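Engineer: Residues per chain, in single letters:
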Amino acid sequence: MKANKPIFKKKRSLKQAMASMIFMCFHLVTLPIAVQGSNVPMAQQQAFDIAGKVFDPDGNPLQGASVKLRGSGKGTITNRDGAFTIVASSGAVLLVSYIGYTEKEIPITDDKPLTITLEAASNTLDQIVVVGYGTSKKGNLSTAVGSVKGEELLERPTAQNLLQGMAGKIAGVNISLNSGKPGGNPAIKIRGTGSINGSNTPLYVIDGIVGADPTTIDPAIIQSVDVLKDASSAAIYGSRGANGVVVITTKNSDPNSSQIAFDNTLSFGSLPRELDLLDANESLEMFKRQYEYVPGRLAPHLDPNNAFTRKVDLFNSDGTPKYQVNWQREATRVAVSHQHALTFSGGKDNMKVLANVSYRNNQGIMLNSYYKQLNGFLNLDWDVKSWLNIKANINAGGYQSNNIDNNTLGLNPLRETLEFLPFIPVQYPDGTYSRKGDYPGAENSENPVKLLNEVKNVTGRSQSLGNLMATFHLTDQLDFNSSVSGQLSSAYTHYYGGRTVYDVGENQQGVAQRAHTDFGSWTTENYFSYNQSWNKHHLNAVAGASWYYYVTSTDQAGAEGFFDDYFEDNNLGTGTTPQIPSSGKTENQLNSYFARANYNFDDRYLLGASFRVDGSSRFGKHNKYGFFPSFSAAWRISRESFFQDMHTSIDDLKLRASYGVVGNAEIGDYVTLNRYNNGQAVFNHNYESAVTLAGLGNPDLRWEKAKQLNVGLDLSLFQGRLQLTADAYNKRNDDLLYLRKLPVTTGYTNVFDNIGSIQNRGIELGVNAITMKKGNFTWSTGYNFSLNRSKVIDINNDVIYPWFGRIIAGGPLNEFFGYERLGVWGTDEVEEAAQYGKKPGDIKYQDTNGNGAKDADDRVNLGNAMPKWEMNMTHTFSYKGFSLFVDLQGAYGNHVISLARVLMVNPGPNINSFASILDAWTPEHQNTMLGQLRVNSDGFDNEGGDSFNVEDASFLRIRNVGFAYQFNKDWLQKIKLNNLVLGVNVENAALFTGYSGYDPEVTSFDAALNQGVDVYQYPKPRTISFSLKTNF
Amino acid sequence: MKALKTIQSTMKTFFRLSALTVLLLSSCTKFLEEEPASFLTTDQYYKTEDQILAAANGTYGGLNMPFASEITLAASPVYALEYITGYSRRPRPTGGDDDQFLLLQNIQNSNGRFETWWNSTYIPVENCNSFIANVSETSVVNEETKNRFLGEVYFLRAYYYFRAVRLFGSIPLKTEPTLNLDNIQIEKAPIEAIYQQIVSDLLFAENAGLPWTDKSGRVNLAAVKSLLAEVYMTMAGYPLQKGADYYQMAYDKSMEVIDAGAYSLFASYADLRDPAKNNSGEHILMNQRDQKNATSIIHFHFMPYPEPAEPVSVIPNMGGAMAPTTAFYNSYADDDLRKQEKQFFFQVANTPFIYKFWDDEAEQTSRSGANFPLMRYAAVLLLNAEAKTMVDGGTTQDAAAIDAYYAVHKRAFPSSARPSSIRTEDVLKERYWELCFEFHTWFDMIRTRKAFDVENDRIVNLIGFKAPNHQRAFEEKDLLWPIPLSEIQANPNLK
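Each protein sequence line maps, in turn, to chains A and B. Just so you know, we're using my numbering here: the first sequence kicks off at 1 and counts up by one. Just so you know, we're using my numbering here: the second sequence kicks off at 1 and counts up by one.
Just so you know, these hints were derived from the structure itself, not from any lab. There's no promise every hint is true.
[Stated by the list, open to error] On the chain A side, residues computed to face chain B include the following (Cβ under 8 angstroms):
1. Asn591
2. Val691
3. Asn849
4. Gly850
[As the list claims (entries may be wrong)] Simulated crosslink set (DSBU-like; lysine-lysine; CA at most 35 angstroms straight-line):
5. A:Lys621 to B:Lys30
6. B:Lys466 to A:Lys839
7. B:Lys292 to A:Lys456
8. A:Lys839 to B:Lys146
9. A:Lys621 to A:Lys707
10. B:Lys30 to A:Lys839
11. B:Lys242 to B:Lys450
12. B:Lys242 to A:Lys791
13. A:Lys621 to B:Lys477
14. A:Lys585 to B:Lys292
15. B:Lys495 to A:Lys585
16. B:Lys466 to A:Lys585
The model shown is predicted, which means the values in this text are computed figures rather than measured ones. Note that CB positions come from ideal geometry on N, CA and C, so glycine has one too.
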């Protein structure tokens, strides 16, 4: 709390709120003692000590197994000999569980010692799933929850964060990596994009901390990730569950054995394929043809009268080039990365501890790009008293990276790597870097290698998070949980563009900037959980309240005009021209009340209902609170007696249905207020304050609501060897938080309003199978398939144009839109072409509306950026200690528009181009899609987003191939090791696609509405990694 | 039975706790209130004189809005106003939106340029409306100060509406601030009503106690009277055609500016570019710019394109926005001073480019902070002369009118003799030559419905004239710009 103090200093109402909250927590802490006193005697009626031992199927004692009394928080852990004792009463039920084994229920009838043998869990139905404010067995879920186990996140050792590790693991959860830069730019979409102006990212919950940052946690300590996909499962997080919830649970230690795990990966990444660009001679051929557009006009290198400065440096006297440069090689490298994770776990008696330090140092394949991250994590779980359990988390760390891909649409090294001329050297013999304009036929721009070396754009963040959660066992059935967590992070950008870098810092003689964003939050969650069982009835209920407070504070300063590059951004005062500094602060608050009840009869009929009320400071006075109910039901047919009589090979069959409403408040702060903009006006070169109207507040603004119906089926066959989960959903976001366009006569261009609906419908299929098991050989397969269709039902008759796309009622999201290119006007079409103001050699577009002119109404849909369907498949073959892993990713029907192609397969390029440009129209070669080459000033003849530039980007990727060897445990014991695994993997091993760019899984902008827009992407590397995992 | 009992007792505890919790929660009602710290909200405003000043300063923003720079190199919506005259060309091709004006081909209401010009009207107008509504009732400042502030803002509202009504014709007339989302789909107002509002706003400003000159560049009395003269001039011509009375009013009003003697023609054209002479002399009103944080796009946008082998500028690669057509350049007499190298134009590779707004300082610092002229004394003089020729039936011998015309003409032709009479045609041609590329020409063309046939050196009817850069002749439908599609979509009443 202390660290948070400055944040609250100014705000009286918050201070009050804080005070009342602390007061409340204090009360709640003191309460249980009284409650405990009144209930303990009853719970102890007919109680006696029960002793027992827990074994694995081979008869070895299981140390660290959990033994709990059902319906109470009481429990213990088995010791080294697998033994335990617990106080129980007759009629109670013991739940015995151990990771990797099926949970067992033992009804207590007397005090005889028990011998319990656990079966290895091949069946994921017994897997424990975290559902938000509680857990459930997967078999008893009535909602759609997708789960990934911790081990699966580590199957691809070069995955740099949780999201990358999750890619392809869960049906309906689309994770696009979108960039090959270190750290990546992964975007997650759970069941499609539902909101236009609101956020589309899911809510992350780490160990009960709502709204945590998933990139700060080392995947090595994650026990499981559970994705709450349908509205019914997410509704307990009502307010922010509209885009799904990702619940992350860290590993639990074994209190009686101390373990040290040390995982290391060393990897080498390289550019997997080069684009087919013009070489030096071909490039000069292109320029020659451009100039010959006007008969007799000579390209600069061929024109004896054009004695440009670098002519002798670049060309022989006959006009042939002196240099042959492959810029894709010059600007990239073999990226050497390494990552390490060290985890200590263990405990004693009533305490379990997990401590983890992880470090990763990832180089990017583009020169000078990197991402470094250091994280520490401490997790404490302590049964302080029989009635009190404390869980404490501390997570601190930071990252730093050099982003070479900024200035996406302007001058950046990725772009110049492709556009730079292959007949110009990186540096001339005297050491000066070349520029593209050294050849006068080309647009001038800076050398990519110089850009990579002399532009610094370092971003980073340090963060710390603390969470304390107390669970009070008020009675055997009732717990009270109270948690307080605080989060602080400080993000920064350090930028410097050098004094000699063209178009970056040259005109200003160096540009330096520093920007900081400080983010702070505290949250508190307080809830009761109640468990009761009688006969075949099981009831579980949760009710509580939470408060969240967030504050963001920004500042930025910069200067230009440096006499030396030495200082970079480290001494802004050196610059002679300061930039206008800026700063800002925003706060928002959220307050929620929630309740959920799950009723289970004989594990046969499952019913659930939840209800949440959320209040957000972001909405208007009368609409702060939103109400989010949900219902679910499931029928485990396989538990019916008639079914069991049928003796099928089906072990489990469950039908599920759920319906619920979740909310979205992810718009900016203060949009319901009338706002002024404070800027400056200039009068005769003097600055004065100027205030203008900035935004019309909409006091009636209320929650966006996502309503979702889900039906599903879970099936388990052949003793769990084949498991299948299928879901179908219909999700509709209503009352969209939408930037409604206003008539500008109001003085405003738009206002946030609740308008419109978007629908996403889809089906998901997940299969896990042990395909073959023969002796020591096992072949297991995981497969998932997702299909999603979006439809805009209504957006107030507005038409929105994202990059190269259009959003219109009745159509899908992510649809590209533009002119249909038919070919090139031929020499026999002079008159027809003239009607459109064109000549032979110019591009011919479809006159869709047939009005004899090329106009905006000729544009048509050009394909969708989201795949028609996507699928992922993993195979693991293991024999004794050897295992082979193959991970496949496929997407079908998705489209990508490449800006590189727009500009580099263009009739008037003044940059290097794709080799295919030489297929351009000539009077002798008229059957082509490419207009006649000309220099830019001869007339513009191209439409960026036309059908030629929207490409089918279906692909199949061998995402990973891995080979691992796990050493024999007996042998390892001799050298005091518990486990040792060596592995070698190839990430992004192969890609099969018709797409002309580097990688079809891409966007350079926000993925929600602009997926598939490739603006000179950072290519994804192919990475070979060597990993070593030990445990001792 | 026992289970039931347990439930009962547990429930009791549960309810007791819940009741307590709810009690505690109710103390948190203020928790969800928003208190922004980094910007002001409307209910906190207009409480001090400094706040009023800052809001008045904000209403000037619309002067620069059309000069917005775009992602495409050397592109800005402001150039559309010259491209449509057909006397300019765009050396750096962009295609699409600009070509519709450049070639007078297939102009569509989806063209983004219209949207900027539309927004450049109504966004600043709303700021004016809000200012007027709040300050008219304030007692924070004394009447004199209040009137001066209101005078500036009334002038600016008139300026914005005058610009828009000439471009778009009949448009919504809104003089009250928007308070909520009720009744926001306003109907168009008749052109006449808009002019009445403009005149009434300017008359208020004329009597608001503004000084004749203001070196800081704020609205001054000369600007008010000059604009009023131009409004009368336009009302006399198309589309209202109020005729001689209004020409006389335009003549009289411009004469007030001339008689006041607060402004005068610069001796040389170089003075137009001299930062020291800004906001005085010949410059009645300028778009205020500064190198530091309010740069001007003009200087670097008007660089030659294709880039010459020997760069003419420190930033040679941003140019190509606009250049005169050869035909227009050739229409200047060879001995016209304005045609001489580095007066209004300069030659690169035997092609004329615009030098009129060249900024020497920008070449030193790589940033242009040059003001752009919005109202020039030369324009007032020529308007005065033209008005009188119209009053007198096409030719006048009025000494004052001839003096006005001759002052401008003589600067271009120092050895020329004072004529004894002038024709409308003479004055109009002089306006083309003198005011070229200052975003005035189109307004002259639509108010007179005349064009300058530069190839044949004569003034002709606008309809049926094919300008040098255009692909076809002007038609009736070209005289007004369409209301932008996006606005019609948001307000179907404007169809």
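Engineer: For each hint given before, does the structure comply? Return the numbers of the non-compliant ones in rising order.
Structural biologist: 3, 4, 8, 10, 12, 13, 15 and 16
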